[in-house]
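Once you've looked at the hints, dock chain B against the given chain A.
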Amino acid sequence: MRSVFKIGAPLVAAALALSACGGTTGDGDSASGDKACDLKIGYFGPLTGDAANLGINIKNGAELAVNEYNAKNADCKVTLVSFDSQGDPSIAPGLAQKAVTDKKLVGIVGPAFSGESKAAGPIFAQAGLNTITASATNPALSENGWKTFHRILGNDATQGPAAAKYIKDILKADKVFVSDDTSEYGKGLADIVKKDLGSAVVATDQTAADGKQDDFSPTVTKAKASGATVFFYGGYYSNASKLVKQLKSGGFTGQFVSADGVKDDGFIKGAGAASEGTIVTCPCLPPDQAPEFAAAFKKAYNSDPATYSAEAYDAANVFLAAIKDGKTSSADMMSFISSYSAKGVTKTVKFDAKGEPAEVSVWAYKVTGGKIVPDQEIK
Amino acid sequence: MDLLLSNFWAYTIGGLAFGAIYALIALGYTLVYGVLRLINFAHSEVFMWGSFAAVWVLLALGAKGATGLGLVAFLIIGFAAAMAVSAAVALGLEFVAYRPLRKRNSPPLIALISAIGASYVLSEAMGLRDKPFKWFGADDNLADYVGRPREASPLPLDVPTVRLFYIFDYHVSNIDLIVLGSAIVMMVVLDQFVQRSRLGRGIRAVAQDAEAAALMGVNRDRVIRLTFVIGGAMAGAAAMMYLLKIGVTRYNAGFLLGVKAFTAAVLGGIGNLRGALLGGFVLGVAESYGSALFGSNWKDVVAFTLLVVILLFRPTGLLGESLGKARA
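These protein sequence lines map, in sequence, to chains A and B.
Counting from 1, one number per residue, gives the positions in the first sequence under our numbering.
Counting from 1001, one number per residue, gives the positions in the second sequence under our numbering.
Looking at chain A on its own, in the form it has when it is part of the complex:
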């Protein structure tokens, strides 16, 4: 019963949100039109739980795309349904089973995180339900042979080298301290950075995962003793904010560099003034590179597009283009996505044979005046 409610509540919420945003039509159910109408696109990822913020950003991006499509195609609407996984790999397979039984559901934007993608991927692949993730960056996901898997942003195998490149070429550092949180994401990223920087890495320290460590003073002492001028951290914003605060108050004067797991306002809120000047890399586009999308998003949600909203918008638009073309069966959809090539707000959207994006851009962002602002594209 509880799981029914879990699915039901977001469904109702999504329906309400849609009808509220649509505005003009009274009845949500469009019985009119031919048989290709009434189709659904899913959002799969957290909407509640600890990591809800990231998921809501992604869902809103996808929802905006669907709403714009419905405004143009009022006679044949598409519905966005949500699968709230809470970002939990143990919940994901059950939700994926539910998703694949819905014959009206033709595509999934998500799953949002790498862990849940790994858990739910085989189910989508077997059922032939196409997915485009707008945020899961673990490189190994595309190596599983899932034909339904697509990713619209660069993975950590491109982000890691970009971060190393920034440290080497822009910061011109020859003494770097590398640390991570032992998570799949954080360790993977830190290992790539370590490998790329080679002998410039003077010392390393693995710390515990989020919620398992508060006191980082031993790491601070080690970093200071190493004489490093740059501190790279692979991990998420919760621990990163504690770490950077203790680095600063512990007297470490070097540059703090991290990656997309830290690109959230929660980092600045937690670390306060200590976050100033932090460099964050991200395979995501700054909002001012797509002003029309940013304006529409702001109008709809009363906030600026956040991390991966634009990627989700592009991902949803791929599915919507397929629906418009009438390519709604699993095989049609798959070949449509494989041959898709059009300019999205983040990049020219095109996928290679493994479902990875053909074109990838990684940007460096800098915390300036209490905001994460774009610094430069890392080329």
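There's no promise every hint is true.
Capping the alpha-carbon separation at 30 Å, the derived lysine-lysine pairs in DSSO-like fashion look like this [unchecked claim]:
(1) A:Lys269 - B:Lys1131
(2) A:Lys147 - A:Lys324
(3) A:Lys371 - B:Lys1134
Since the hints were made in silico from the structure, they are not lab data.
Same frame as chain A, now just chain B:
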């Protein structure tokens, strides 16, 4: 090894400073255990509520940006708010979760389950604190207090780090000094209170033999209330120190510290006040040295191996068990 030796004092003082926080929370476990033979697993949530009390009071007073004497005043207010609320939560906990069971002479296991349940309730109440305000539509006005309830809430106070003096090669900062200094003052006051005051004698009497104490005219319920209040106040002080060192608190911030503080209490000899202090400091320093020798993610392994080894040779902890019997 070289790293530890060449930065010996940095690791030692870093460990002591966090050990002081463990020790203050451990006092709450040990006091309640001494008097009631109950492991109060909800004590970690008492700590967490105290940390939020400090954050909210300082937010309400607009403490952000204060400097000089104003900053000192806000620090003291923060300590007072955290201690008061923690003490109140601990007292409420005793009233709701433990006293009704005690009145019915329930077995200790039942009280333990009640403690675990209370811990979840207190933690989730904090993690869902936006919900009741949403029903009244007040969550927008109170967004600073109840918005994003699962995310970290920062201490709204800018305490600049000032380097004061050297201990060998380690440059001691004002925050180290505040944390260690106030912890030591608080411990000495508590120790003297339990050893010398009339109420303290009551606590020791109940710990030694509750029935005999009652026959001698000690009001047992009052003593129990008192131990919860004292333990709560210490957890509140620890909460403010935690905020000064870490900078943020969260609805689940108590969990990890609760486990560590309980470990510290067992390490020192649960039921023994000075044991809790010693246990806290030993645990903090052991973690710090463990991090230096093997890397930060090994520190728990080092600390808990130490715990097992010590308990093998001294099953009642470093200083032995009883609050009543302990000399000191």
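Consistency of the hints with the structure:
Of the pairs offered as hints, the one joining Lys269 of chain A and Lys1131 of chain B holds, with about 22 Å between alpha carbons and a cut-off of 30 Å not exceeded. With a C-alpha separation of about 22 Å, the suggested pairing of Lys147 of chain A with Lys324 of chain A holds against the 30 Å cut-off. For the suggested pair Lys371 of chain A and Lys1134 of chain B, the alpha carbons sit about 28 Å apart, so the restraint of at most 30 Å is met.
In terms of the numbered hints stated before, the structure departs from none.
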